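S.K.: Please put together the full structure from these sequences, using the hints given.
Protein chains in written order, with numbering that gives the first Met the number 0: chain Y, 0 to 378; chain P, 0 to 378; chain F, 0 to 378; chain R, 0 to 378.
Rather than coming from a laboratory, the hints here were simulated on the basis of the structure.
Honestly, I wouldn't trust all of these hints.
Any copy, or any two copies together, can satisfy a pair, since identical chains are not distinguished.
With a straight-line Cα cutoff of 25 Å, these simulated SDA-like cross-link-like pairs (lysine to any residue) come out [unchecked claim]:
#1 K300 x G118
#2 K341 x I195
#3 K300 x H258
#4 K339 x E216
#5 K339 x M235
#6 K339 x L218
#7 K75 x R23
#8 K233 x P143
#9 K233 x A92
#10 K241 x R329
#11 K339 x Q173
#12 K339 x C91
#13 K241 x G118
#14 K300 x C254
#15 K375 x N151
#16 K300 x C255
#17 K241 x D145
#18 K339 x G240
#19 K149 x L350
#20 K233 x R144
#21 K75 x T238
#22 K30 x R329
#23 K296 x N268
#24 K149 x Q173
#25 K341 x A222
#26 K296 x V262
If you're wondering where the values come from, they're calculated on a predicted model, not measured in any experiment.
Chain by chain, the residues:
Number of protein chains: 4
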Amino acid sequence: MKALVYNGPRDVSVNEVPDAKIERPTDVLVKITSTNICGSDLHMYEGRAGMQPGRILGHENLGVVIEVGPSVDRVKVGDRVCLPFNIGCGFCANCERGLTGYCLTVNPGFAGGAYGFSGMGPYSGGQAEFLRVPYGDFNCLLLPRDAQEKENDYVMLSDIFPTGYHATELAGVQPGDSVVVYGAGPVGLMAVCSAILKGASQVMVVDTHEDRLKLAEKLGAIAINNTEGEGVDKIMELTGGKGADRGCECVGYQCCNMHREEVPNLTMNNLVQTVKATGRIGVVGVFLPEDPGAADKLARKGQIAFDFGQFWLKGQSMGTGQANVKSYNRQLSRLIEHDKVKPSWIVSHELPLTEAPNAYANFDQRKPGWTKVVLKPGK
Amino acid sequence: MKALVYNGPRDVSVNEVPDAKIERPTDVLVKITSTNICGSDLHMYEGRAGMQPGRILGHENLGVVIEVGPSVDRVKVGDRVCLPFNIGCGFCANCERGLTGYCLTVNPGFAGGAYGFSGMGPYSGGQAEFLRVPYGDFNCLLLPRDAQEKENDYVMLSDIFPTGYHATELAGVQPGDSVVVYGAGPVGLMAVCSAILKGASQVMVVDTHEDRLKLAEKLGAIAINNTEGEGVDKIMELTGGKGADRGCECVGYQCCNMHREEVPNLTMNNLVQTVKATGRIGVVGVFLPEDPGAADKLARKGQIAFDFGQFWLKGQSMGTGQANVKSYNRQLSRLIEHDKVKPSWIVSHELPLTEAPNAYANFDQRKPGWTKVVLKPGK
Amino acid sequence: MKALVYNGPRDVSVNEVPDAKIERPTDVLVKITSTNICGSDLHMYEGRAGMQPGRILGHENLGVVIEVGPSVDRVKVGDRVCLPFNIGCGFCANCERGLTGYCLTVNPGFAGGAYGFSGMGPYSGGQAEFLRVPYGDFNCLLLPRDAQEKENDYVMLSDIFPTGYHATELAGVQPGDSVVVYGAGPVGLMAVCSAILKGASQVMVVDTHEDRLKLAEKLGAIAINNTEGEGVDKIMELTGGKGADRGCECVGYQCCNMHREEVPNLTMNNLVQTVKATGRIGVVGVFLPEDPGAADKLARKGQIAFDFGQFWLKGQSMGTGQANVKSYNRQLSRLIEHDKVKPSWIVSHELPLTEAPNAYANFDQRKPGWTKVVLKPGK
Amino acid sequence: MKALVYNGPRDVSVNEVPDAKIERPTDVLVKITSTNICGSDLHMYEGRAGMQPGRILGHENLGVVIEVGPSVDRVKVGDRVCLPFNIGCGFCANCERGLTGYCLTVNPGFAGGAYGFSGMGPYSGGQAEFLRVPYGDFNCLLLPRDAQEKENDYVMLSDIFPTGYHATELAGVQPGDSVVVYGAGPVGLMAVCSAILKGASQVMVVDTHEDRLKLAEKLGAIAINNTEGEGVDKIMELTGGKGADRGCECVGYQCCNMHREEVPNLTMNNLVQTVKATGRIGVVGVFLPEDPGAADKLARKGQIAFDFGQFWLKGQSMGTGQANVKSYNRQLSRLIEHDKVKPSWIVSHELPLTEAPNAYANFDQRKPGWTKVVLKPGK
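M.R.: Have a look at this one:
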């Protein structure tokens with residue numbers, strides 16, 4: 000089959016590789032019809048995340064089931080399914096409580112596994128013609144009848160929509176709340192969309208890219224361009240000096256100051272400052288336990304100089320980590336089915352798999368307008 | 000009246016001062032019968048927290064109502080009442096949601112007020128014969144009939160019992176959980192007691208003082224002496240390599256390594272390491288937004304070098320801040336009333352007010368056996 | 000002052016009565032500018048609820064503060080305030096946990112008090128020129144700068160908006176849920192609005208009045224006309240045979256079958272049937288502990304023949320009772336302020352106080368188009 | 000193999016039947032070493048629940064794995080496992096949220112399945128030498144090293160301990176609460192034990208059997224003998240006239256008045272009366288959707304004459320249904336492992352399988368001292 004293979008830093012290509020196939024009786028084999036490029040693919044693409052050359056990328060996958068293992072009960076050949084980026088077993092101590100992002104089975108010795116991801120187990124990614132899905136009955140989200148027609152909506156359930164939603168869950172967003180979202184990339188925009196969906200009264204979003212802020216405004220958010228570092232003051236003003244009720248971190252370890260220098264603690268400390276006393280913060284932007292190539296000394300050891308005294312004095316709380324996609328994708332799919340949300344508004348490019356290398360290059364350079372790429376391996 | 004007055008670093012004395020009195024129609028005047036010295040009194044005593052000379056200390060207070068303002072409805076003269084250390088108005092946005100530790104009224108421009116506390120408003124402390132209690136109907140906890148007999152139990156409801164309990168609330172302790180508590184001072188011991196009360200299956204407590212660890216063991220905890228820095232390994236072993244489900248920080252910014260040097264990030268980073276992936280951490284130990292006299296460079300600005308990458312990768316969450324005493328004191332008082340808990344086991348010394356200066360000196364030096372001092376102004 | 004007085008069954012008149020005034024130091028005196036007629040006013044109007052002749056009706060009130068008692072701190076003369084229909088003290092065991100609809104102070108011997116309400120204490124209603132507000136600092140919701148301009152929106156925060164919202168809280172509505180609301184009266188419509196606000200994927204509303212169902216459709220709900228008793232089948236069909244995730248009871252004890260006969264258990268048993276196994280039901284429609292004039296034998300004793308076996312087998316749960324308005328009104332006011340909701344769409348009639356008797360008669364007869372009346376005492 | 004077979008009303012026998020065996024690749028085969036007789040077995044034994052003759056009873060099972068299907072990953076031959084009485088698939092909409100008592104897969108067209116249970120699917124019971132466990136990786140609770148030694152403790156995790164615990168979860172028991180439990184049968188006693196474990200301040204238990212009340216007292220509860228119908232008054236007195244914070248229904252549809260007549264609404268209406276306004280009620284006693292043989296006319300249709308008016312006026316809430324055993328058994332097993340609870344105190348008889356018919360007869364007659372029977376098929 001054809002697949003997008005990682006060769007080394009900023010070098011990917013579409014190669015002919017052995018077909019994905021059923022390996023265990025609980026597996027399902029999916030013919031991929033849509034697979035997105037994700038911001039976290041860029042971490043690997045840039046060579047900063049220790050990805051092994053030769054592996055297939057792609058963890059935002061949707062397709063049609065073409066074969067099921069002998070012990071698969073629920074999923075049938077012909078079903079159109081969306082796959083959570085994180086892989087769960089369904090029966091470990093974490094999966095049974097819905098913490099499927101921290102499965103203790105699929106990647107022994109570590110909590111969590113994913114497709115095509117460095118450090119998340121041996122599972123191949125879905126930027127390919129076919130994908131092997133372990134524990135198929137547990138991991139496949141069966142899509143409703145309008146699945147094909149709304150495929151670019153449903154594919155967002157594999158990662159960024161649940162991840163943005165997770166930010167608002169970790170932050171505890173309630174109807175009427177004011178919410179500040181740092182980062183207007185795809186995940187940040189989905190956090191904006193989720194906060195609005197939950198009935199927030201004010202959603203403010205901070206970024207430096209005008210094209211992304213424009214998208215946020217279309218969703219109903221208040222866009223705050225932080226190019227000159229004026230974001231903090233603006234948020235305080237908009238909230239009557241109190242700070243927002245809730246804050247979402249959708250940037251991660253590569254956050255930059257106005258001079259485009261990486262300042263890893265910048266977003267977190269701004270959040271402490273711009274979220275009210277007793278407020279909650281949800282952090283879904285990726286932070287690394289070590290980052291040997293970082294300029295910042297603390298960052299190399301996975302540390303940030305965190306305003307902990309202020310955080311404590313304000314009695315704030317914080318939740319972090321990757322989204323447990325399965326905890327959200329079923330409910331969110333119903334919102335797509337009943338036309339309450341339409342996450343495909345984020346798609347800027349729909350391309351065949353063969354154009355993936357070019358798409359990676361453009362996305363990596365944050366070229367204006369390259370918000371979200373959906374690859375269509377079948378085309 | 001007689002009161003314990005702060006004169007300057009490590010200098011307090013019992014002076015004759017003007018009587019506390021009713022100042023506003025919602026006030027209640029209490030004759031103090033029990034008032035504790037708290038670990039956070041030592042922060043002020045040591046001159047590190049910016050306390051103004053001349054102020055009366057004491058925020059753990061219990062006594063008998065001797066006068067009520069004209070608009071007080073519920074509290075009557077003769078009632079024995081315990082006062083939460085934090086003062087709330089009862090009607091601001093925070094108090095109405097139970098966040099009484101972050102009252103927006105009593106200390107304008109800041110969230111939170113307390114008796115005899117630097118930075119927490121102009122309210123005099125209760126290490127004195129009399130105490131003025133603002134918003135008396137809201138702040139007084141009326142005690143049951145056995146109040147006098149169990150006075151050393153009920154006085155713990157003013158601060159340390161709810162504060163220890165708050166640590167377990169912030170950490171989300173559920174029946175069956177394993178819990179690690181860092182710090183076996185009075186608050187840590189109350190956290191141990193609270194975790195056991197909530198049905199934890201394993202409660203581990205880490206400290207370097209043998210006398211305190213002994214008390215923890217009596218409560219049913221597993222004591223871990225960390226003098227040689229072996230605490231982390233021990234916790235991992237006791238939890239089968241997974242880490243504890245929940246962690247409680249009851250040490251604060253003055254945490255020390257095995258060489259008795261202050262290492263402000265030590266406890267927090269140990270918590271990240273010894274709490275399981277997806278686990279929660281409750282932080283009630285005090286951290287300062289700035290600490291100009293600190294040896295550590297980051298600490299001076301109120302920062303710690305926090306293992307944020309590891310914290311994020313493990314998908315941990317954290318709650319912080321002072322306890323909203325009123326959210327817990329009523330329920331906890333019922334446990335004392337029905338003989339389910341007896342927090343007076345922590346009292347090591349019961350002394351007249353006049354001996355307070357000496358008690359402060361001994362407590363400040365962490366003299367063995369000086370676990371908790373209750374002052375009896377009437378005696 | 001002029002006030003709407005209850006004289007006896009279906010007999011109210013606007014009389015000259017003694018002015019409302021400050022009676023206790025914690026009182027606030029409000030000049031009423033908007034006051035609604037509520038469906039529960041009709042229970043009293045119809046003579047079925049034991050209202051005492053001579054009392055002033057009206058519990059949905061908004062106005063301008065013209066005097067404050069000597070111990071009122073927060074509320075100032077000139078503030079425009081909305082008053083929750085239920086009166087709380089702010090310091091009892093229920094108020095301190097936010098259960099202000101069950102205050103233990105304001106109506107001794109009973110949990111709960113309200114303005115102008117039979118069995119809810121001696122408090123006069125606000126369908127009058129002036130209203131005395133007890134515990135003013137606690138009970139007044141201060142309105143934002145746009146209060147006067149959006150007065151017909153904010154006045155809905157006194158009761159029906161929080162009450163409809165409460166139905167969805169009791170039912171546990173989450174983003175993505177399907178929700179069925181029984182009753183498209185003002186409260187039912189506000190429940191519809193609240194469910195949509197919270198991100199429900201399907202909101203179905205069952206009623207027999209076409210004009211009300213039309214309003215529900217405008218909000219985005221699926222209207223189900225139950226005139227021929229076909230509602231149950233329709234809901235099951237719309238939910239793929241499973242039943243709705245959540246159900247809201249917004250009808251109360253006077254629910255009728257298709258022959259317009261009162262069948263008090265009809266709505267509740269339909270809910271059990273049309274809510275899924277493990278689903279939750281919120282009941283805000285009023286049920287009486289006794290109803291001596293009822294046709295139904297069980298209803299006279301306050302009982303219904305409830306399908307408890309089915310309810311248990313399906314593992315359903317249920318929350319009931321009047322809304323704790325103060326738990327919601329602050330957050331909901333922010334949604335009005337930021338133009339996210341506009342509850343004044345429900346107002347069908349804006350009338351001077353003098354026309355109240357006529358309005359009661361029309362509303363009582365459920366005349367088409369008489370959805371919600373706002374009285375303007377000042378005009 | 001030998002198994003306890005239901006022949007008809009009050010007629011069971013130990014017969015030779017075909018061996019249980021692996022039927023699907025996800026199955027596990029268990030050699031049963033402990034299997035309890037449950038109160039709900041009596042519903043079937045008495046012929047009131049429509050059990051089909053020829054079926055094997057027994058849903059409280061523990062044993063050793065002797066064979067695993069080809070797609071079983073986690074469970075190994077030789078593992079000692081406890082089986083939740085309800086069978087889940089692990090991947091349906093209910094199982095994935097922890098609602099394993101309402102699995103949508105194992106008993107098509109109905110929510111929920113169980114071993115040896117009328118109306119709960121075709122699964123044979125475990126009062127036999129061997130048991131087939133569907134979806135073995137999901138349903139088996141792996142027991143710790145002390146499993147054999149504490150087998151009579153761990154076997155209670157199959158049903159009654161989690162079910163009693165579920166009552167306290169549904170009722171929302173929190174530390175400090177007062178709790179009233181109706182019914183001191185095995186489930187009621189486990190509810191008492193769970194309420195104490197959770198830190199309740201007062202646990203009252205109402206029954207008419209002195210031997211059961213004695214057991215409750217040993218656990219630390221206040222026993223209330225209701226033989227003369229004085230229970231309600233006693234509870235009100237013990238709670239200062241307010242009623243208990245929380246109520247647990249552990250009796251079910253066969254509740255009797257003091258004259259030993261079945262009065263199906265008695266317990267529920269007593270709960271409404273003796274639980275405080277705003278209190279919560281958890282109902283785990285079984286109620287039937289129809290009961291054709293009942294004396295009570297409403298009961299035949301599965302209805303009770305419920306004090307709904309009072310329930311609503313008090314703003315109470317209620318949760319019902321069978322326990323989702325898997326939601327609790329892991330945490331509760333840790334409490335057994337760490338010697339915090341010892342549920343085997345309830346065992347009154349430990350008998351070989353061959354004595355099961357005699358045990359059923361004695362248990363059915365509620366003979367004093369026959370509290371709980373554990374059958375040991377291997378002996």
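S.K.: Should K149 paired with Q173 be assigned to within, between, both, or neither, using CA atoms and 25 Å as the limit?
M.R.: between (28 Å within a copy, 23 Å between copies)
S.K.: From the Cα coordinates, with 25 Å as the cut-off, is the pair K300 and H258 best called within, between, both, or neither?
M.R.: Cα proximity of K300 and H258: in one copy and across copies (24 Å, 23 Å).
S.K.: Is the C-alpha distance from K233 to P143 at most 25 Å within one copy, between copies, in both cases, or in neither?
M.R.: between (43 Å within a copy, 20 Å between copies)
S.K.: Within, between, both or neither: how does the pair K241, R329 come out at a Cα-Cα threshold of 25 Å?
M.R.: between (36 Å within a copy, 15 Å between copies)
S.K.: Measure nothing new, just compare the shortest in-copy and cross-copy C-alpha distances for K241 and D145 to 25 Å and report within, between, both or neither.
M.R.: Answer is between: at 20 Å across copies they meet the 25 Å cutoff, but 44 Å inside does not.
S.K.: Go through the copies and call it for K233 and A92: within, between, both or neither, with a Cα cutoff of 25 Å.
M.R.: between (44 Å within a copy, 22 Å between copies)
S.K.: Within a copy, between copies, both or neither: which one fits K241 and G118 at a CA-CA cutoff of 25 Å?
M.R.: between (41 Å within a copy, 18 Å between copies)
S.K.: Measure nothing new, just compare the shortest in-copy and cross-copy C-alpha distances for K296 and V262 to 25 Å and report within, between, both or neither.
M.R.: both (11 Å within a copy, 18 Å between copies)
S.K.: 25 Å Cα cut-off: does K339 pair with Q173 within a copy, between copies, both or neither?
M.R.: Answer is both: 18 Å inside a copy and 14 Å across each meet the 25 Å cutoff.
S.K.: Is it within a copy, between copies, both, or neither that the alpha carbon of K339 lies no farther than 25 Å from that of M235?
M.R.: Between copies only: 21 Å across, 31 Å inside.
S.K.: Between K375 and N151, at a C-alpha cutoff of 25 Å, which is it: within one copy, between copies, both, or neither?
M.R.: Result: close within a single copy only, 10 Å intra versus 52 Å inter.
S.K.: When no copy is specified for K339 and L218, does a C-alpha distance of 25 Å or less occur within a copy, between copies, both, or neither?
M.R.: both (13 Å within a copy, 13 Å between copies)
Going through the hint list in order, the structure satisfies each hint without exception.
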